[in-house]
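Peer 1: As a plain string of letters, each chain reads:
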Amino acid sequence: MGKSWTRALGWLAVCGLLAGLVAGFGYAPREVVQGNVQRIMYLHVPSILTAYLAFGLVLLGSGAYLLTRRAGWDRLAASAAEIGVVFTAVTIVSGSIWGRPTWGVWWTWDARLTSTAVLLLVYVGYLLLRAMVDDPDARARYAAVVGIVGAANIPIVHFSVKWWRALHQPSTILGPEPSPIAPAIALALLVNWIGFTLLFAYFLSRRLEIARLEERA
Amino acid sequence: MILYARRAWIVLWKDLLTERRSKESLNALLFFALLLLFLFQFALGPDRDRLRAALPGLLWLGLVLAGLLGLGRTFITERDNDCWEGLRLTPGDKSAIYLGKLLGNFVLMVAVEVLLLALFGFFYDVDLGPALGRLAVVLFLGTTGLSAVGTLFAAMTSQLRARELLFPVLLLPAQVPILLATVSATEAALLGQPLGEVSHWLKLLAAADVVYVVIGIMTFEFILDV
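Residue numbers (this note's numbering), protein chains in the order written: chain B, 1 to 217; chain E, 1001 to 1226.
Everything labelled a hint here was simulated from the structure, so no lab data went into it. A few of these clues could be false.
Listed below are several chain B residues computed to face chain E (Cβ distance under 10 Å; list not exhaustive) [unchecked claim]:
| # | residue |
| --- | --- |
| 1 | A138 |
| 2 | I156 |
| 3 | H158 |
Which residues of chain E face chain B? A partial, calculated answer using Cβ under 8 Å [unchecked claim]:
| # | residue |
| --- | --- |
| 4 | S1158 |
| 5 | A1162 |
| 6 | P1173 |
| 7 | T1219 |
All C-beta atoms in this analysis are idealised placements derived from N, C-alpha and C, irrespective of residue type, glycine included.
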């Protein structure tokens, strides 16, 4: 990917995020029950969707690396994991800020909070492993195995935590029933989601570039 | 297939034999389990009801902690005398080594579990007798999951300098579902509920076990090679 391409992607992400801000604050109506606090959702939901995308790429990069042994796949997994951790952290922090006025607490051991936190722990462990292995070849192989175990664990964690405790409002967007969400809010969400995905693509291309330079050094 | 099983069996036999002669891991682990029991008692105070209510959690916390020590050592014995190279030179499918090591760890953990259960019954005055059959099912499923991931990560971290640190950091988040499921199922078993009440947990455990063991078998060769 060329430099100018990356830069264009960056500006595209800026436009997407600006459009997201306008959609979230200007276009979308004030939510009746929760008030303006609800607007945190435009940050919260796109963040976690982006994080899932990132962790999906970690799985893809890990599996493809073990099959092909090409360093590029390892760089993809490493870069995506770093960005995924950031977006997961944003999700948890924004959710916490939303939870304080809405639920009355900063943190509660609700199912989806807990599984998101476990997700964060798994991938922070992945990054710690990467930081602590010096040999690049061993690092790539070990990280790939942890990346695969971590991804396979996501559904298991999801169900275990769900049965363990349930307090979060059921998923409206990815849930099985047609979503009861107001069209204006849904549109604002969509715009923000696109903005976040563009931002992710920009981060990823920059991070891949750094990883390439690091390897050459 | 027979050759494969035989290779796994040889690794298991070798480890059991070394363990029987040195008793290195087992003695230390059993003592560690006893120490944990005392620590739990001191941390929670003398109130018997409180201890009993916390019993399922304490039991599995104890097992996970013992697992961190015991499983983390799985491949340490292979570091001396070039044993690691010897293992790598084994002909055929490397995952047989994983299976052998996994079984060895399973046996070790079961030994710790038996003692820990007996000690719980003795110190906290819990009548485990009627729940024993149900507990065995839960323990079997939980130990398989713990050992499967533990053995895989132990192989990985045994070669690293920050091994003591990385092994728990990787294993503990991966064990969250096992811990949640086993604690819930153990609680039900101790309360005298039939296993049918917690069948969803048992199914989850069984599914997790299968996933972990399959991933272990498929990825082990990538950890071993250089």
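Peer 1: Against this structure, judge whether each hint is valid.
Peer 2: Evaluated hints:
1. The interface hint given for A138(B) is met, as the beta carbon of that residue sits about 7 Å from the closest beta carbon of chain E, less than 10 Å.
2. Against a cut-off of 10 Å between C-beta atoms, the interface hint on I156(B) holds, since the closest Cβ of chain E lies about 5 Å away.
3. For H158(B), the shortest C-beta to C-beta distance to chain E is roughly 9 Å, which falls under 10 Å, so the interface hint holds.
4. Among the interface hints, the one on S1158(E) is violated; its C-beta lies about 11 Å from the nearest C-beta in chain B, farther than the 8 Å criterion.
5. Interface hint status for A1162(E): upheld, as the beta-carbon distance to the closest one in chain B is roughly 5 Å, under 8 Å.
6. A distance limit of 8 Å between C-beta atoms decides the matter here; for P1173(E) the minimum to chain B is near 4 Å, and the interface restraint holds.
7. Look at T1219(E): its Cβ gets to within about 5 Å of chain B, closer than 8 Å, so that hint holds up.
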